[in-house]
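Novice: Chains as they are written, first to last, in the numbering used here: chain G, 1 to 351; chain H, 1 to 351.
The hints are simulated quantities; they were obtained by calculation from the structure and are not laboratory data.
Every value quoted in this text rests on a predicted model; they were computed, and no experiment measured them.
Keep in mind that the hints are not guaranteed to be accurate.
Which copy? The list can't say, so a pair holds if one copy fits it or any two copies do.
[Said to hold, decoys possible] With a straight-line cut-off of 25 Å between C-alpha atoms, the simulated DMTMM-like cross-links for lysine to aspartate or glutamate are:
(1) 96 - 117
(2) 96 - 298
(3) 96 - 106
(4) 96 - 49
(5) 96 - 225
(6) 96 - 310
(7) 96 - 317
(8) 96 - 82
(9) 96 - 322
(10) 96 - 119
(11) 96 - 80
(12) 96 - 173
(13) 96 - 212
(14) 96 - 344
(15) 96 - 175
Protein chains: 2
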Amino acid sequence: MVGHGARGRSGGRPTLEEVAARAGVGRGTVSRVINGSPRVSDATRAAVEAAVAELGYVPNTAARALAANRTDAIALVVPEPETRFFAEPYFSDMLKGVGSELSDTEMQLLLIFAGSDRERRRLAQYLAAHRVDGVLLVSVHADDPLPDMLSQLEIPAVISGPRSAAESLASVDSDNYGGARSAVEHLLSRGRRRIAHITGRLDVYGAQRRVDGYRAALRDAGHAEDEQLIEAGDFTEEGGRRAMAELLRRRPDLDAVFAGSDVTAAGARQVLREAGRSIPDDVALVGYDDSAIARHMEPPLTSVRQPIEEMGRAMIDLLLAEIADRRPAASRGLDRHQVVLATELVERASS
Amino acid sequence: MVGHGARGRSGGRPTLEEVAARAGVGRGTVSRVINGSPRVSDATRAAVEAAVAELGYVPNTAARALAANRTDAIALVVPEPETRFFAEPYFSDMLKGVGSELSDTEMQLLLIFAGSDRERRRLAQYLAAHRVDGVLLVSVHADDPLPDMLSQLEIPAVISGPRSAAESLASVDSDNYGGARSAVEHLLSRGRRRIAHITGRLDVYGAQRRVDGYRAALRDAGHAEDEQLIEAGDFTEEGGRRAMAELLRRRPDLDAVFAGSDVTAAGARQVLREAGRSIPDDVALVGYDDSAIARHMEPPLTSVRQPIEEMGRAMIDLLLAEIADRRPAASRGLDRHQVVLATELVERASS
DNA sequence: ATCACTCGTGGGAGCGCTCCCACACTACCT
DNA sequence: AGGTAGTGTGGGAGCGCTCCCACGAGTGAT
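Input sequences plus hints: build the corresponding full structure.
Specialist: This is the structure we're talking about:
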């Protein structure tokens, strides 16, 4: 032990080697016990565990990462500024699911915001340095370069909300098509006949699927297609107001509106009120997301709930599987997994 | 290069050694350039930088952590369940300050929730493994064992809101004493004479300091101490209601209330209303925190603003200094830093 | 009794870096 | 001229772990 003055052996953290000496076994054996290998006799295992407890041994993560070429950490990347993250319950629910699914694992979760350009550059560095074993991507826009960067770096990744039907990354999504269908079928069952739809941003795949579901439900019920009842929105309140006004102008006789999001529905509600239409008597209103705003609206808004927490859990499952698969020379197939979870219609007074 | 089959030299990420070969220099020299040491000639530095760029070299964090015995990461530990974290703007503001101050650093920020017992045990493991160079502690209760654990592990830490006047950890706080003073002085200047105080939880040091400030302001204005005007609350709305009712019973002639928090003020307001007192005509009301609730109250609530974002920045400054100090055998003194930031009274219609 | 396994175990080599010592080489003094 | 500081540089040793090869001891078939 020459040089490296202050870093001496004395009071520092115990190493594998020291545990091995204490237990009277070899380094390899201790490593096997620590990592839960079955190839250790019960007696030896007990001796090692005792030594670990006595010495208060805790593995050195850096050394392990270096030797094993893995980090035991995954990142949840949010390509939004912090503010939006905190504002939307979506993220906190997602985080809850992710956290709970991860809690029986040794994996560490990192939360990374990449809203600004600067943050994105940092993130790129971070990923290039392979500081995480895998990445969870939420709320990604269609033209985001992030997913491709991840593919290129061969970092396992799971995306919530595929960018298209041909999403190349593993993905978890809720059943936008089915959710929209159920909303429209609900309105039909309530006797509504002229059901309008304010869409979400149509460059978001999920929003397109909702339009598809809306159309299918009407078609299957024997209604003729009526393009006049569809107006593009963008998930915002302002967009909802604009679209609602336009719909009322075109089809003043409409008796129901299925909005692409709760926020959109809030905008629509405002315009309906100003136009003197009562909800739900004159016009029934259904939203999407079942966010807090739906519960607090006046009247409370019927909405399609997505199982966000469960989606978070599913994302972790997929990601851990991908990481495990990749460890031994991966089977580079395009058989990536796409998980779709069912939605649930939450009926309230607005319909 | 025997064994370690698949891990061969071929297409993997470039190493320091390879950069050195490319640049025609030694390993040590590349390391010096990477770490910004001044002891490198300009010509050599340029050559190394070129090689780094050509090869797309990114340092291996694990190797660096192992060799240098540091992680370049710090943790923001929130001893609360996620839900509260997301509910209170306090945390998101804090996070913003922390993030901005950290962004010119190589340091990585980890967000760790330790609300449940299980999470706390994980955290203990995590800290014992020294997976971070330092810890930021927010919203710690007086009897929390976490701070002491950190001291024992000799992990640099900064706490927001000291646990007592004798806080042993470095800490950042807002000027609770001064904030309370300014609130009371404001009420005095508005001609109020019988100013009551609903305290916060008195096992929180900051709440005690607010009481001290309240007392001092009255004393300095020549008012006699009147214990009947002080009632203990607990930062909650319900506590505010209870305390307000009690105060009204004891001193129906009071003409102002300084509440320990905005939420407490909201509770007090309710009781005042029910008692037929108008705000601010009969009773002026001042809160603390300047949270969203203050802006949205009817009437808008005058409140003491704490510079939370700035506090986050200050915490990082302190922590980075502690980490830097500790690298070379630390000067184990009790000269820890305590930073106190000024508050600001935000005047609104309630006073 | 011999061979062929299997099982549990010890320990060498190596992961990619930082730290530091040693070694030129160049100035600048006496 | 010889000494004395610097300055820039190369590379050995070591961080604590995992991976894997080798080896002894036990077990059962031949």
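Novice: With reference to the structure, classify each hint as holding or not holding.
Specialist: Against the structure, the hints come out as follows:
1. 96 - 117: between (27 Å within a copy, 16 Å between copies)
2. 96 - 298: neither (29 Å within a copy, 34 Å between copies)
3. 96 - 106: within (17 Å within a copy, 28 Å between copies)
4. 96 - 49: Neither: 33 Å inside a chain and 43 Å across chains, both beyond 25 Å.
5. 96 - 225: Neither way: residue 96 and residue 225 sit 41 Å apart in one copy and 49 Å across, limit 25 Å.
6. 96 - 310: within (9 Å within a copy, 28 Å between copies)
7. 96 - 317: within (14 Å within a copy, 31 Å between copies)
8. 96 - 82: both (17 Å within a copy, 7 Å between copies)
9. 96 - 322: Within. Shortest intra-copy distance 21 Å satisfies the 25 Å Cα cut-off; inter-copy 33 Å does not.
10. 96 - 119: This pair counts as both: shortest intra-copy Cα distance 24 Å, inter-copy 13 Å.
11. 96 - 80: both (18 Å within a copy, 13 Å between copies)
12. 96 - 173: Result: close within a single copy only, 17 Å intra versus 30 Å inter.
13. 96 - 212: neither (30 Å within a copy, 40 Å between copies)
14. 96 - 344: For residue 96 and residue 344, only the intra-copy Cα distance (19 Å) is at most 25 Å; the inter-copy one is 35 Å.
15. 96 - 175: Within. Shortest intra-copy distance 20 Å satisfies the 25 Å Cα cut-off; inter-copy 34 Å does not.
When the structure is compared with the earlier hints, violations turn up for hints 2, 4, 5, 13 and for no others.
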